[in-house]
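A.B. asks: Spelled out from the first residue to the last, the chains are:
Protein chains: 2
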Amino acid sequence: MAHSLFVNEYGTRPSGTLSVARWLNLAALLPWSLPLPQTAEGRQCEIEDLNSIYTEECSRLEMLAGEYGRAPEISIPPAVLEQYAKYRPTPLRRARGFEKALGYEGKIFFKREDGNPTGSHKPNTAVPQAWYAKEQGLEELITDTGAGQWGCALAWATRACKIRCTVFMTRGSYKNKPYRRYLMEMMGAHVFGSPSETTKSGRRLLAEDPSHEGSLGIGMGEAMEALRSRPNARLALGCMSYYAALHQTVIGLELAQQLVEDGVEPDVVIGCVGGGTNFTGFIAPFVAGPPYWNGQQPRLLAVESASIPVLTRGEYRYEHADAFALTRMVKMYTLGRAFLPERMHAGGLRYHGKSPLLSLLLHHKRVDAAAVTTDDAFNAGKLFYEAEGILAAPESCHAISQVITEVTDCEKRGEKKTILFCLSGTGYLDLAGYADHFKLV
Amino acid sequence: MAHSLFVNEYGTRPSGTLSVARWLNLAALLPWSLPLPQTAEGRQCEIEDLNSIYTEECSRLEMLAGEYGRAPEISIPPAVLEQYAKYRPTPLRRARGFEKALGYEGKIFFKREDGNPTGSHKPNTAVPQAWYAKEQGLEELITDTGAGQWGCALAWATRACKIRCTVFMTRGSYKNKPYRRYLMEMMGAHVFGSPSETTKSGRRLLAEDPSHEGSLGIGMGEAMEALRSRPNARLALGCMSYYAALHQTVIGLELAQQLVEDGVEPDVVIGCVGGGTNFTGFIAPFVAGPPYWNGQQPRLLAVESASIPVLTRGEYRYEHADAFALTRMVKMYTLGRAFLPERMHAGGLRYHGKSPLLSLLLHHKRVDAAAVTTDDAFNAGKLFYEAEGILAAPESCHAISQVITEVTDCEKRGEKKTILFCLSGTGYLDLAGYADHFKLV
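Those protein sequence lines, which keep their order, are chains Y and F.
Numbering follows numbering that gives the first Met the number 0, with no gaps: position 194 of the first sequence is 193.
Numbering follows numbering that gives the first Met the number 0, with no gaps: position 302 of the second sequence is 301.
The following block holds chain Y by itself, in its conformation from the complex (with noise of 0.2 Å):
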C-alpha cells in the first residue's frame, strides 16, 4: 500500500468491527428500586401478568426491574449481536461546523443514530424483540407508532424474523406524512391510521370526531384490544417498557468506549425524550458509574416538547401506558392518559408520561429536564443541517436547541464545556415538517 496516502496509517481497528457484547441493567445499578409495574386493576405486576402481552423474554426482562441486586450486565443473544453488527458501532463525531456557527469556543460532540437501518435508534430494541418472537415460536408483533420510526425498525426486524408486523401509527402522522408509511409498506408491515376502524375503541372515537388525529396513548389502547383475539401475537413496545431501554443502553456502551478512545469526558449530555427510552440508553454509563464509565460525572440532560411538559410539569404518579387504560400502569412523570397533545411534527414525541426509569432518575435528580418549542427546535435543526449537512428528525432538534441553551450559558459564564448530544434519528424524512414550519412549499 502507498503509505503516504494515509494520514493514520497504522489505524487498525477493522470497519465495523461491533465493540458490545452486553446491555446495562441499570435498575440493578442504582440506589433506588425501580417500581414494578401493576396490572390495569391495581395490583403488582406478576411475569404471568406480562407473559400475555409481551414476548416472555421480554416480560422477564421487564420484572429485572424491581429486583435490586441482580447482575448488572445482560448478555446480548448472538443472534442480536449479528443483526447489531450491520449497523454498530455508530459514528460518535465532532461538530466542528455547528461550534463555529455558534462562535463557540468549547467543543460538541454527537452520536449518530441516523443512519440505522430504517433511520433512527429503534432497531437497537426492535431487533431483539423481534428476535425473541421468533425463539418463543409468536406469529406476530402488535405495535403503535408515532411519525413512524419505531414501526419502520420493527417492520424490518420482524421480516429478518418471519413474523408478521401489524402497527397503529398516529392518524396525523398515517395522513399528513406518509413517507414512514411506505416505508413500512414496502417492508411487508399492515400499518393502520389510529385511531382506526378495525378496533372498538377506534370506532368510538372516530365517531366523536371524524378527524381525530390520535396520540400514542390511542395507538397503544389499539395494538392492546388487537392482541386480545390474536393468541400467537405480543405487543411490541418501542419505548416506555424496561426492556426496550436495557435494549438501547448498547449505544451508551458503546459511546463509553469511543469517548475513552477519543479522550473526550463531556460536561453536558443531552437527549430528546419521548418515551425516554433511547435517553435512558444513551446516559447509561455515567448513570452507572465505575467501572462503566470512570470519568467526570456529566450533567445529563432530558429534553422534551414544551407542548408535552411531561418531566417539566407532569405529575409522579401510577398511570395507565395507554389511554384507555387496557395496559398495565407504571410509575411515572405523566400529564394523564387522556392529554391530546396539540398538533406537531415531533410525532415521536406525543405521549403522555415518560418511561418509569427515566421518572425515577428525574426524581431523584440524577437528571435534569428541559423542555423546548416546536419552533425553538426547528430552529436549531436548520442551523445544525445549514453547518453539518445532517438533516436531524424533528425530536433530535429538541436536543440540539438545548445545546444551542447550554452554549449560550457558557459564552455568558465564560466557559469552554465539552457538550454531547444523542442524534436519534434522521430528519429526511420528516422534510414535509420542515417545509410547512419555513414555508418553503
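Worth flagging that the hints you see were computed from the coordinates, not collected in a lab.
Hints are supplied without guarantee of correctness; some may be wrong.
Said to hold, decoys possible - The list that follows gives simulated cross-link-like pairs (lysine-lysine, DSS-like), each with its CA atoms no further than 27 Å apart: (1) K161(Y) / K106(F); (2) K99(Y) / K133(F); (3) K381(F) / K381(Y); (4) K161(F) / K161(Y); (5) K381(Y) / K364(F); (6) K438(F) / K364(F); (7) K174(F) / K174(Y); (8) K381(Y) / K416(Y); (9) K438(Y) / K106(Y); (10) K106(F) / K174(Y); (11) K438(F) / K174(Y); (12) K330(F) / K106(Y); (13) K99(F) / K133(Y); (14) K416(Y) / K99(Y); (15) K364(Y) / K415(Y); (16) K161(Y) / K438(F); (17) K416(F) / K381(F); (18) K381(Y) / K133(F); (19) K438(Y) / K161(F); (20) K438(Y) / K174(F); (21) K99(Y) / K161(F); (22) K133(Y) / K381(F).
For this one, chain Y is given, so just place chain F on it according to the hints.
C.D. replies: Coordinates of chain F only, in the frame set by chain Y:
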C-alpha cells in the same frame, strides 16, 4: 473500563479519524492519454479558456487530464481535509442480510456514501470547489442538478465558504420531487426549475413546450448562459469534469485501505454511473494498481440506466457537455447533446454523455458496462431495503440490481465471488419515487 463488555477491547482507531490526505491523479497513471476538452469552436482548450468558466484551481486540475507523466498524487488542501473529517472515513459494510436474502454463499460488501452531509457522495467534490472559489475571491457558483444530490451538496459547501449558490434543477424533479429543493432552499441556495424563465434558452424551450421536463444538459446550458453576465461567478460541475473525478478518488483510496485492513479482495466492483465521476473515484485504486492496490485485479463494472444507454449504445466522440453547445466539448461516449430521456426517477442518471475519463477506460476495455431498467432498479432497491434496512437512492439501486445479476451468474457457475458496490446516496429523499413505483400512494 469494564473490558468484559467489549468484543474487541483493543480497538484503537479513534472514531472518525480521516485516513486519506491526497487525491489520485489517474490520468498520470494510465497508459493512454486522456483527450483534453475542446472549445465550443473545436480548438483544444487552453487553461485560459477554462478560467472564465471554472475556478482557476478547477481549470488547472482539468488541464492535468491530458498531461501524461504528471505527479500521481495531489495533496488535499488542509481546509478541505477539515471538511472531509466531518464525515469521512465512511463505512465499508458487509451486506450479510442481502447475501441471506439472495441465498448467496459468496460475500457482498458496500461502501456507504449515503450518510454524508446532504446524503450522497457529492460533497467530496462540492467542498473543494467551494473552497477554491473562496480562495479566488469569487462571489457565486452556478450549477445544474438533476434529482438534486449535487445541488444540495454544493449549497452546503458554498454556505460554509460564504459563496452564493445558484442551481438550475431539472424541471421534472423540481416539480415532482421537491424534497431536495427544500433542502437547497433551507441552505440559502437560489433554485430554478430548468428550463426556466430566467434565461433566453430556457424561455425558448418553455415557449415550445410549457410542460418541458428538462435535462441535465439543458440545466448546464442555462447555467452557462447565466454565467456570461456575472463576472464574479463560475460554473461548478458535480460530474463530467476531470476535477470532480479527481476529488472522488478520496472514496477509492479510503476504500483500498479499509479492504486491506479487513482482509477483503473483491472479484467484482460495481457502481452506478450518471456522468461517471463517482464511479471512477470509487474504482481509482484498482485502475491505478500497485502501490495503490496490491491485490488481485477485480472486474470493474459501470452500471447505467437502460433509459439512457450511453455506454452500452452511445458513440465515442467529441460532444458538447450541455444541450445548447455553449460549453466546451469533451471526448466521451454520448447519445448526442439533444438526447432527451424518458421521465424517470433516477434524475441523477439523466444525462446524454459520460465523463471522458470513464469513456476512455471503457474504450480501452479497462471497465465493463451494463444497463439496468428502472423497474429492475427499484425492485433491487426494495429487496436491499428489506434485507438491510437501508434505502438506496434510485441511482444506487442500479448498482444493486447489477449485484443481483452477478450473484445469479455466480450461482449458475457455482462460484463464490466477493462483490463490492458503492451505495452512492440515500433514497429517503426519493421515497415519492419508490411509493409511485410500488403503488403505495
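A.B. asks: So, for every hint listed, does it hold in this structure?
C.D. replies: A quick look at each hint next to the structure:
| no. | hint | verdict |
| --- | --- | --- |
| 1 | K161(Y) / K106(F) | 23 Å, holds |
| 2 | K99(Y) / K133(F) | 17 Å, holds |
| 3 | K381(F) / K381(Y) | 30 Å, violated |
| 4 | K161(F) / K161(Y) | 51 Å, violated |
| 5 | K381(Y) / K364(F) | 46 Å, violated |
| 6 | K438(F) / K364(F) | 40 Å, violated |
| 7 | K174(F) / K174(Y) | 21 Å, holds |
| 8 | K381(Y) / K416(Y) | 23 Å, holds |
| 9 | K438(Y) / K106(Y) | 32 Å, violated |
| 10 | K106(F) / K174(Y) | 41 Å, violated |
| 11 | K438(F) / K174(Y) | 16 Å, holds |
| 12 | K330(F) / K106(Y) | 49 Å, violated |
| 13 | K99(F) / K133(Y) | 17 Å, holds |
| 14 | K416(Y) / K99(Y) | 15 Å, holds |
| 15 | K364(Y) / K415(Y) | 24 Å, holds |
| 16 | K161(Y) / K438(F) | 23 Å, holds |
| 17 | K416(F) / K381(F) | 23 Å, holds |
| 18 | K381(Y) / K133(F) | 23 Å, holds |
| 19 | K438(Y) / K161(F) | 23 Å, holds |
| 20 | K438(Y) / K174(F) | 16 Å, holds |
| 21 | K99(Y) / K161(F) | 13 Å, holds |
| 22 | K133(Y) / K381(F) | 23 Å, holds |
Of the hints listed earlier, those the structure fails to meet are numbers 3, 4, 5, 6, 9, 10, 12, in rising order.
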